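Chains as they are written, first to last, in the working numbering: chain A, 18 to 511; chain B, 8 to 276; chain C, 2 to 352.
For the record, the hints were derived by calculation from the structure and aren't laboratory data. All of these numbers come straight from a predicted model, not from anything done at the bench. Some clues are possibly wrong.
Unchecked claim - One-sided and incomplete, this derived list gives chain C residues near chain A with beta-carbon spacing under 10 Å:
hint: 1; residue: 55
hint: 2; residue: 58
hint: 3; residue: 81
hint: 4; residue: 84
hint: 5; residue: 85
hint: 6; residue: 136
hint: 7; residue: 140
hint: 8; residue: 144
hint: 9; residue: 148
hint: 10; residue: 155
hint: 11; residue: 242
hint: 12; residue: 252
hint: 13; residue: 270
hint: 14; residue: 278
Said to hold, decoys possible - Straight line, CA to CA, 20 Å or less: simulated DMTMM-like cross-link-like pairs of lysine to aspartate or glutamate:
hint: 15; chain 1: A; residue 1: 424; chain 2: B; residue 2: 266
hint: 16; chain 1: A; residue 1: 100; chain 2: B; residue 2: 102
hint: 17; chain 1: A; residue 1: 375; chain 2: A; residue 2: 398
hint: 18; chain 1: C; residue 1: 162; chain 2: A; residue 2: 105
hint: 19; chain 1: B; residue 1: 61; chain 2: A; residue 2: 105
For each residue, glycine too, the CB sits at the ideal point set by N, CA and C.
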Amino acid sequence: MTVGATAIAVVLGVVLGTGVWLVPPRIREICLRVIDAMVAFPGLLLALVVAAVLGAGGSSAVIAIGLSGIPYFARLTANLAAKVSQQEYVSTARLLGVSHGRIAVRHMLPNMAEPLLVLSASTFAATLTAISALSFVGLGVQSPSYDWGKLLNEALPSLLAGRPFQMAGSAALVILTGLGAVLIGDGLAAAANPRGRTATARSAAPSTGPDEAVPASDHLADVRDLWIHAGGEPLVKGISFGIRRGEIVGIVGESGSGKTLTAMSLAQLLPDGLTSTAARMSIGDLDLRRPVAPALMAEAVSLIYQDPGSTFNPALRMGGQLTEVLRTHKGLSAQAARQRVLDALKVVHMTRPEHRMKQHPHELSGGMRQRAMIATALAVEPRLIIADEPTTALDVTVQAEILRELKRVNSEFGASIVFISHDIGVVRALCDRVLVMYHGEIVEEIAAADLAVETVRHPYTKTLLEAAPDIDGPVGGRPGGSGDPEHAKEHSHG
Amino acid sequence: MDEAIAVEVRDLEVGYGWGGNATRILHGITMDVARGRTVGIVGESGSGKSTLAKALVGLVRPTAGSVKVGGVHVSSARGADRRAMRRKVQMIPQDPYSSLDPRRTIGEALAEAVDPRRAKVTAHRDEIVHWLETVRMPADTIDRYPHECSGGQRQRVAIARGLMIRPEVVIADEITSALDVSVQAEILNLLASLRRELDLTMVFISHNLAVIRHVSDEVVVLYHGDIVEQAPAADLYQRPRHEYTRTLLDSVPGAPGFDIRPRPRKDAS
Amino acid sequence: MASLDSTRALGVPPPDPLTGARQRPMRISSAWLRFAVRRLASLLVIFVALLVVSFLIVQLIPGDPAVGIAGANADLADIQRIRAELGLDRPIWERFLDHVGGVLSGDLGTSFMYRQPVSALIVNRLPFTATIAVTGILVVLVISVPLGMLIGVLTRGGRRKWLDVAFGMVTGFLDSIPGYIMASFLVVTFALGIGLVPLFPPAYTPRFGAASFVLPVVAIAIGPICTISRVVRREMAVVLETDYMRTARGWRLPALRRHVRWALPNLLTTTLTLSGLILTGMVGGAIIIESVFALPGLGSGIIKAILDRDYPVIQGMVLVIGMITAIINLLVDVLLGLIDPRTLGGSHVSA
């Protein structure tokens with residue numbers, strides 16, 4: 018019975034849910050609205066209506082529960098189908114001339130199989146519960162037939178009379194069957210996925226390392242022998258560097274080179290599961306290898322992140338967010354904090370700053386949000402600003418403006434800046450000194466002015482420079498055409 | 008009808024919504040792509056370049072104007088005609104991670120391009136291997152799943168899939184923007200050699216002026232849905248005529264006009 | 002497509018593909034106005050649908066409804082009487098208009114069994130169901146959200162694996178126990194007491210008042226608490242990984258403030274979106290639970306009416322229960338809109 022009802026719900030639900038993505042958009046929207054309205058209703062009520070029409074009984078209970086499951090399943094399938102049909106491989110298949118039906122069978126269903134199996138299993142469990150519930154209240158199976166719900170129903174009087182054990186057996190069976198169905202569904206889903214599960218072993222340990230005598234230096238920040246590990250694997254391999262006061266240091270490298278991790282460990286913001294050790298890591302007089310009081314840390318380092326689209330809390334207004342750090346750590350009143358942020362916003366040329374404070378992040382453009390981020394970074398008057406790919410997500414004209422603001426902040430306010438980028442052109446334009454990172458190591462440290470194919474020493478730096486497509490020189494030339502860099506092979510055939 | 012013209016776009020307008028809510032994305036685009044040539048389309052976010060790509064392959068219906076490929080309207084054909092039509096234009100998508108079905112091997116993905124009906128790998132094995140080699144991929148990739156390949160490799164497969172049915176024109180939409188620079192260089196080099204080997208007709212879309220420059224014969228600059236400049240690549244980069252093109256060129260770090268030294272400027276409001 | 006591109010750049014989640022074509026500028030007041038208009042319209046649609054469904058209940062009964070209703074022992078006169086009462090001798094559209102007119106003027110017909118107006122029956126029973134459902138929903142939210150957040154914070158980034166596993170097992174187990182079995186179990190443990198002190202009355206009696214609602218509310222809430230706290234836990238893990246939480250950490254905000262002021266609003270939107278269905282489902286759960294505890298609410302009423310074939314009562318109750326669910330749905334959406342105005346644009350059912 019349960020199987021029958023589940024089958025009704027699953028089959029019709031999947032057909033409906035996938036089907037709506039193959040009909041014209043207008044009709045689809047109407048269908049989805051109808052399904053939405055139906056989903057919002059308790060299935061049990063629908064089941065009761067069917068039971069009322071067909072009379073109490075086993076088969077009407079099956080039909081009732083089956084029908085009541087359809088909207089829910091159709092809606093979930095439609096959601097999954099929506100996600101899959103937005104994938105580029107579906108639109109590419111359409112361009113290749115694959116018909117609608119084949120797209121559904123070949124691309125959409127297999128990629129929905131996993132969640133659908135889990136859903137079917139949980140629907141099975143829910144159906145079981147629902148049918149036995151119907152029987153329990155006397156609307157399902159009628160005497161002389163029995164199912165669990167009915168058994169339980171008849172056991173109820175004896176239970177009230179103080180003999181509960183009659184119930185225990187069938188109750189346990191209902192629960193076990195439900196649990197079993199869910200587990201089987203999970204197992205099926207795992208088996209259906211060609212990508213095996215990757216076990217992620219993670220550990221957390223305090224960041225202590227062998228001490229090293231404090232070298233006197235004009236360095237604001239000083240890092241000696243920094244290692245960062247994920248589990249047992251080293252991601253950053255014993256690098257050392259310093260940052261002078263008022264200097265802009267660029268860290269350049271490709272994805273996986275460890276440049277972001279290096280900066281984040283300097284900000285004491287390593288992701289969970291990563292551990293760092295260093296012989297020395299300090300900003301001014303703060304020893305960063307030990308926990309530092311949040312207020313001190315907030316004044317030492319400000320951060321600017323890559324994707325201005327997600328760095329602000331979408332649920333809060335800009336004003337509240339931007340002033341938060343000042344109110345928390347500088348002990349400023351809301352009014353004073355607001356004034357300070359407004360000043361900072363004006364410094365970075367934000368248009369209509371008062372109005373921006375009242376807006377939500379999604380109402381600002383990417384460039385404006387990045388300006389706001391720089392403004393908060395300024396407002397706390399930090400000693401060091403760490404900017405992690407702050408212009409990568411921006412248009413090239415906006416990028417130029419943001420770079421200009423950073424340069425100005427540096428020259429007018431004297432803040433040191435660590436600027437992380439994959440774009441060697443940007444780094445060359447902005448920075449005083451550049452660290453080139455490759456596979457967790459600093460392979461070259463060079464003045465930005467010397468970044469040219471002729472002057473760099475390390476082959477990887479040379480490759481990076483050659484690979485960057487340039488804007489002048491002969492048109493149609495080949496980037497990186499002069500050599501076949503060794504690392505490039507690793508990328509493409511690894 | 009000029010035989011040498013592969014793609015002919017006339018007064019193309021695309022918009023969404025009705026009445027007061029209507030937004031027009033493209034306002035009257037007119038351009039040609041000659042057979043065997045590559046046209047680069049450059050623009051910033053909101054310029055309408057992705058919409059233009061979708062209109063070229065027929066995924067977006069124009070509100071006015073026309074797009075013809077090989078002399079046939081892209082959006083007018085129906086049913087089987089439309090499927091045949093669609094095979095004349097192929098698109099290499101932007102994101103190497105969603106352009107291949109994760110449940111199907113590389114071979115199956117390519118077989119679908121050769122034969123959309125049955126998509127049997129065995130029947131077309133030689134052809135698939137040939138194309139994998141064309142994009143400099145080892146033949147044993149045929150049995151691998153997309154997740155076993157790097158981003159650059161996936162993008163090579165996507166290129167093979169776009170080229171192997173010999174379409175009239177290939178649309179490449181930001182195909183290198185998700186890649187590291189050194190991988191991007193390889194893909195650009197690959198496209199540069201394929202252009203010569205296969206005599207490709209291509210529309211190459213990117214936000215990156217420097218990338219466009221390495222693969223295009225001609226460059227179209229889009230700004231807020233309008234073409235502001237259209238010129239042979241060498242001319243455009245040497246002697247930009249439009250103010251916006253100049254701003255764009257000067258914003259590229261390393262360009263002669265690039266300058267981020269603080270300069271006095273008024274608070275705009 | 003430019004508007005699509007820019008919304009993505011602005012960090013707004015890609016628009017619901019169902020409504021993607023309707024891009025519009027977000028102005029708070031007009032967004033609320035549109036929301037009100039759209040939701041009122043959909044309430045109206047639901048109301049009409051319920052009218053039709055409740056009307057069809059009688060029409061769809063196989064064979065001659067009057068014969069079916071009167072039962073096996075009825076004589077011809079009984080059948081005639083029922084037929085006249087249901088108006089089965091008149092054309093269908095006339096009967097439907099009657100039905101609609103009756104409902105709009107508050108007249109839901111007269112019960113066959115009790116010879117009372119159906120509206121009076123419903124008014125008597127409504128408070129019980131409403132109490133259980135509303136208290137249940139509040140209890141669920143008050144318990145499951147902090148619980149899920151706590152577990153999410155404690156197990157972030159894969160630490161405390163054991164807690165994660167234990168939490169999953171306990172909630173999974175409790176979740177798979179059907180509400181009525183849980184109810185019976187509670188009766189055994191706390192009401193009859195296998196040697197324990199009988200703390201709560203096993204079934205509803207007016208004399209115990211509020212205490213009689215405790216067990217039903219617990220029974221109805223345990224399942225959803227488990228489901229929703231699991232949803233919250235998962236969402237919390239997602240929220241903790243977001244860039245804006247990293248920003249908050251970068252600003253060194255204290256943990257409590259980060260979690261309550263920064264994470265909670267975002268958590269609530271996704272959680273309420275996902276669990277709106279579960280909350281409305283609790284109304285359905287109430288129907289069954291009421292019978293276990295012999296609460297004279299709408300649920301036990303409709304079941305009794307179905308068994309008695311008391312059609313006017315069934316029709317009235319389907320209508321009322323349906324509208325209650327629709328209103329709960331609406332309340333969830335209003336709450337969502339208050340927390341995050343961006344949700345006003347789309348539909349809230351998107352798992």
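Results for each hint:
The restraint placing residue 55 of chain C at the interface with chain A holds, with a minimum CB-CB distance near 8 Å, inside the 10 Å limit. Annotation: residue 58 of chain C was flagged as interfacial toward chain A, and the flag holds, the nearest CB pair being 5 Å apart, inside 10 Å. Taking 10 Å as the C-beta cut-off, the interface hint given for residue 81 of chain C is violated, the closest approach to chain A being about 22 Å. A cut of 10 Å between beta carbons decides the hint on residue 84 of chain C: the least distance to chain A is about 18 Å, and the hint is violated.
The beta carbon of residue 85 of chain C is not positioned within 10 Å of any beta carbon in chain A (closest approach about 21 Å), and the interface hint is therefore violated. With a least beta-carbon distance of about 17 Å to chain A, the hint placing residue 136 of chain C at the interface is violated under the 10 Å criterion. Hint status for residue 140 of chain C: violated, given a least beta-carbon distance of 18 Å to chain A, over 10 Å. Hint status for residue 144 of chain C relative to chain A: violated, with the closest Cβ pair at about 22 Å, above 10 Å.
Given the 10 Å rule on beta carbons, the hint for residue 148 of chain C is violated: about 21 Å separates it from the nearest Cβ of chain A. Interface restraint check for residue 155 of chain C: the shortest CB-CB distance to chain A comes to about 12 Å, outside 10 Å, so the restraint is violated. Interface hint at residue 242 of chain C: satisfied, since its Cβ lies 9 Å from the closest Cβ of chain A, which is below the 10 Å cut-off. Given hint, residue 252 of chain C at the interface with chain A, holds; its Cβ is 4 Å from that chain's nearest Cβ, closer than 10 Å.
For residue 270 of chain C, the interface hint holds, the least distance from its beta-carbon to any beta-carbon of chain A being 7 Å, beneath 10 Å. Because the smallest distance between the Cβ of residue 278 of chain C and any Cβ of chain A comes to about 7 Å, under 10 Å, the interface hint for this residue holds. For the suggested pair residue 424 of chain A and residue 266 of chain B, the alpha carbons sit about 11 Å apart, so the restraint of at most 20 Å is met. Using a Cα cut-off of 20 Å, the hinted pair residue 100 of chain A and residue 102 of chain B holds, with the two alpha carbons roughly 15 Å apart.
Restraint check for residue 375 of chain A and residue 398 of chain A: the C-alpha separation of about 24 Å exceeds 20 Å, so the hint is violated. About 36 Å separates the Cα atoms of residue 162 of chain C and residue 105 of chain A, which puts this hinted pair outside 20 Å; it is violated. Distance hint between residue 61 of chain B and residue 105 of chain A is fulfilled; the C-alpha atoms sit about 12 Å from each other, no more than 20 Å.
Hints 3, 4, 5, 6, 7, 8, 9, 10, 17, 18, counting from the list given before, are not met by this structure.
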